[in-house]
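In the order they appear, the protein sequences are chains A and B. Heads up, the first sequence is in UniProt numbering, so the first residue is 1 and it goes up one at a time. Heads up, the second sequence is in UniProt numbering, so the first residue is 1 and it goes up one at a time.
These are calculated hints, taken from the structure and not from any lab test. Treat the hints loosely; a few may be bogus.
Note: identical chains are not told apart, hence a pair may lie in one copy or across any two.
Keeping only pairs whose Cα atoms sit at most 35 Å apart, straight-line, the calculated DSBU-like set for lysine-lysine is [unchecked claim]: (1) Lys-137 / Lys-43; (2) Lys-5 / Lys-99; (3) Lys-68 / Lys-5; (4) Lys-68 / Lys-43; (5) Lys-5 / Lys-43; (6) Lys-68 / Lys-137; (7) Lys-108 / Lys-5; (8) Lys-137 / Lys-5; (9) Lys-108 / Lys-68.
2 protein chains.
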Amino acid sequence: MRMAKGVEWALHTLLNLDMVGGGPVGSGQLAEAHGLSPSYLNKQLQQLARAELVVSVPGPRGGFSLAKPLETITLLDVVVAIEGAAELFQCTEIRCSGKIGELSPPPKGACAVSAAMRRAEQSWHDALAAQSLADIKADLDRSPLVRQIVRSALT
Amino acid sequence: MRMAKGVEWALHTLLNLDMVGGGPVGSGQLAEAHGLSPSYLNKQLQQLARAELVVSVPGPRGGFSLAKPLETITLLDVVVAIEGAAELFQCTEIRCSGKIGELSPPPKGACAVSAAMRRAEQSWHDALAAQSLADIKADLDRSPLVRQIVRSALT
DNA sequence: GTAATGATACTCGGATATTGGTTGTCCGAGTGACCGTGG
DNA sequence: CCACGGTCACTCGGACAACCAATATCCGAGTATCATTAC
């Protein structure tokens, strides 16, 4: 069980898009900034576009730009955009299969195991939703030359 | 990103092992109870044995039995036993690669993105560690005939 | 009758295929920019 | 000098392969049981 690399790529790329300013930036430049596969980063950016976190501009001088300010983008938004909204723990209802399932009456309530796992997952989601990309950007701005480096790398 | 099925299998199997009593139960019977692949459940049980959540008894009349009371087994223990202790979000340090990486001085602090993701993951771990299998068993004991069904299915 | 002994059946344990999903690559559709031409 | 039209290069977008890990399966190693036999 490992989170897709695309999440890390997307997070850094979104931060870069903010630092560079408003204009659209091509996926090739964004990939070069961190030595990533351009085509694959492009695919991740399309996922972000579908989630309406970025807007895509076709044609020459096109590319991707932020759709909203970083303050309104949470870590959960990015994770869901890349990974999808499926739950980590997916209950297969094995309690209704096999010998035990045949002997038991059809269960009424929810599966206790599933409910417990869902509770834990909920607090993960809450913690992800509580942190916005602006918070992370504030950390990066501790060393103010970062912004200059990003801007010069993306021109 | 999806949690392995083995976690669900392990959780239900551990609960069954508790309900059936102290004697060892073969992986075949445990699998039949929920209609699972016997060999694959056996593999998961070996993982639980390495984590010292169950003890394995070889030979005829052998099988697996609980190594400690359910009160001392948390959801986190089971997840780590099956999935391993690796983190969901694994930082690749892409901030040190590509153009930006070459232009930047070697970073001093930890990656802000990684730190934020780790915070969220920590609260997931905390929530998993806060729930023991005894808590789940208490939920199941709402309908007291469950125990009888499990015992009759595992004899 | 009792104890030793060998065969046997049953279990765990790990080595070996198979499948599904992530990762990576490629080419086509579409669009804005640029250049040349005519008014 | 300005407006218009055609060509072009550049970008996104989705379809297509490669790789890795989870899933599933199989066979060998080890052990308690049971029957048999000798004392």
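Going down the list of hints, with the structure as the test:
When the C-alpha separation of Lys-137 and Lys-43 is checked against a cutoff of 35 Å, the pair qualifies only within one copy, where the shortest distance is 24 Å, while the shortest distance between copies is 44 Å. Taking the closest pair of Cα atoms, Lys-5 and Lys-99 come within 35 Å of each other only across two copies (19 Å); inside a single copy the shortest separation is 41 Å, beyond that limit. Taking identical chains as interchangeable, the C-alpha atoms of Lys-68 and Lys-5 lie at most 35 Å apart only when both belong to the same chain, with a minimum of 23 Å there against 38 Å between chains. Taking the shortest alpha-carbon separations for Lys-68 and Lys-43, only the intra-copy value of 20 Å comes in at or below 35 Å, while the best inter-copy value is 48 Å.
In this assembly of identical chains, the alpha carbons of Lys-5 and Lys-43 lie at most 35 Å apart whether taken from the same copy (12 Å) or from different copies (28 Å). For a Cα distance limit of 35 Å, the shortest separation of Lys-68 from Lys-137 inside one copy, 15 Å, qualifies, whereas the shortest one across copies, 46 Å, does not. Taking the shortest Cα distances, Lys-108 and Lys-5 sit within 35 Å of each other only across copies (23 Å), while inside one copy they are farther apart (40 Å). Proximity of Lys-137 to Lys-5 under the C-alpha cut-off of 35 Å is restricted to the intra-copy arrangement: shortest distance 20 Å within a copy versus 37 Å between copies.
Proximity of Lys-108 and Lys-68 under a CA criterion of 35 Å is satisfied inter-copy only: 30 Å between copies versus 44 Å inside one chain copy.
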